[in-house]
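Whenever a hint applies, use it, and build me the whole structure from the sequences.
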Amino acid sequence: MLLMDARVPSEANEPDARAEALIAAYERAGYRRCAPAILQPAEPFLDLSGEDIRKRMYLTTAPGGGDFCLRPDLTIPVSCDYLASSAAGDPAGYCYLGPVFRHRRNEPAEFLQAGIESFGRPDKAAADAEMLARGLEAVTHYGLASPDIHTGDVALFASLIAGLDLPGAWKRRLIKDFNRKANLAQDLARLELGGSNNRPEYQGVLAALAGSDPRGAHALVTDLLSIAGINAVGGRSVGEIADRFLEQAALGAATKLPRDVRGLIERFLAIAGDPDEAAAALRQLAADAGMATALAPALDLFASRTGFLAAHGIDVKRVRFATAFSRGFDYYTGFVFELTDPKRTGDPLVAGGRYDELLSRLGSPQPIPAVGFAVWIERLAVYGGGR
Amino acid sequence: MSSPLVLAVPAKGRLQENAEAFFARAGLSLIKPRGARDYRGAVAGLDGVEVAYLSAAEITSQLAAGAVHLGVTGEDLVREMIPDADARVVLIEGLGFGFANVVVAVPQAWIDVRTMADLDDVATAFRQHHERKMRVATKYVNLTRGFFSEHGIHDYRIVESSGATEGAPAAGTAELIVDITTTGATLAANGLKVVEDGVILRSQANLVAARGAKWGVSERETARVILDRVAAQARARAFREVRARFAACDARLVESAKQKFGVETPFGGPTSSGMLTLHCPPDAVYALTSFLRERGAEAVAVADLGYVFSRDNPLYAKLEAGL
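Residue numbers (this note's numbering), protein chains in the order written: chain A, 121 to 507; chain B, -11 to 311.
To be clear, the hints were calculated from the coordinates, so they are not data collected in a lab. Treat the hints with caution; some may be incorrect.
[To be verified] Okay, the calculated beta carbon distance ranges per label pair:
1) 263(A) with 120(B): 54 to 62 Å
2) 137(B) with 210(A): 35 to 43 Å
3) 466(A) with 253(B): 55 to 63 Å
4) 120(B) with 182(A): 54 to 62 Å
5) 74(B) with 501(A): 52 to 60 Å
6) 208(B) with 466(A): 39 to 47 Å
[Unchecked claim] Only part of the chain A face toward chain B is listed, based on derived beta-carbon distances under 10 Å:
7) 166
8) 172
9) 288
10) 299
11) 356
12) 360
13) 363
14) 365
15) 438
16) 440
17) 442
Glycine included, C-beta positions come from ideal geometry on N, C-alpha and C.
What follows is the structure, given as structure tokens:
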């Protein structure tokens, strides 16, 4: 908390008439305006957004213990309020306009965001398309007629990896790094090299265990630990350790990523263009790789969404889709998008996506589909136009 | 009267003893004119210096804020407590004490974890298995976050710990830890092992300057004197003086000794009578004496050095470059 520049501008954060008019339009479209508490429990943000957000959060500790923060975004607070309401589980849409708080270099820590969160709609393709349309509404409302529209679909990569014949450890890793926009190229290189974690001392045991009866091998690892006088401490059980040790043994036998699989992943990640072009390229890839069935649900949803985008009057040729596009948060599960103005900073003016697992992770007993977006009011305020 | 240069020194324990000994070796005796319990002191025979006795953590934050000019503190604290540390402070010199590594340590029972890549995989699997994230107990929140991020590890939670961190896994409050260790004995006693590529920082006590302090003419002059003495002592510590006189001693031989042993010639090449003075790194002294004797030296004298003052002042140059 040392030395942070937390200057708060006085007027910049007063919602102006244009922002209020935008929210009024969202309300007329059926989204209930909500205003979650500014002071929020810190736990859900740290748990769901990851430790990296901690350095940007304004954290405080209550006298009786318990960490709180000034809300760094509104998706999680709106989701929590929805889950705590009587509407939990039913379809419901909310809009908001208010300050969020993040430490930013050279920019005020308090800034305004507007946005929409839509919960419980089973017609996912239509809901996705509507979010993009409502996001565009915000941008045109401020007088920017044609922003760049960047889109992606996290579910496509997930289906591809799920359908590949790869060890579980590598699937976990590829999905995680794709979501975090990190290290994918490095992963692929390592996968192809194979045998990344060479551990000479254990090589013999691992080789002996490879292909052996899992239960017997499990018992052996457990015995090894007790013979060595090692007590299991920490939250991982001996069983878990043994399982992963055996997984390593299995990996040792077949660590190398076949060149054609790597080629397939790279070909997949290179697909970009307007949604129709991309869909055609993806279907071709699925057919070539014999993965038509594995990719069918994600591709069908993708095609259906493109249809809904056109139905909203969006010129689909202007929509840029890239399989490699992700927003860098691991809670997105499907459609993701950003609207930017390349003539200015290129920072997102509007950004959002589908996060179908978030509400379960916040404690919902049943899965609730969810999609939404946030609008950077301060970034839009520089545009002169309006209604 | 001009304001003094403030030198912050650890107020307690071994760090204080080591720091005082360090300054004493440099000919700078720290004194407490108003009694041993005073938290303000001075340097004997050097005006314009105020010595502030503070905890290492306070020294670090005071350096970051520019409230003191120079301070002795661990690099671990500098990197942990000061965001964008290199913009706010200058690490002038490692002082040769207070060594400690900040490391990632996991339970010894995790025989499947030896590298950070293993840990990454375990973290992701742990989250799927337990529906919560793996917990890391530490007081080094920022170092941990930066290091884990470098290794692409995201599925973890930090549990802040202010003491006895090594006990956290056994107590069930965390799965693994990031902590300082010198010998690793405490970790081992608590059933923990260091991840092979899990050394985040090799830290030692440093003489640190605050970029944000008021550096007027008099403060700079005082700092120049202090750093001149520190440098003279540091240089003396890094070399032994080796002297010999023999006829075959010529410039070519000296050149060859420079390349082989890393020696320096503080007073130039051999005199006309073949008298040669070399400064040699301690590790290479014996080899150098053999080398000289093989080439004709009857006797080679080796002595410790007290101080080596040189015309340039590399430590002050480093400070000035950073201000």
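Output the indices of the hints that this structure fails to meet, ascending. 1, 4, 5, 15, 16, 17
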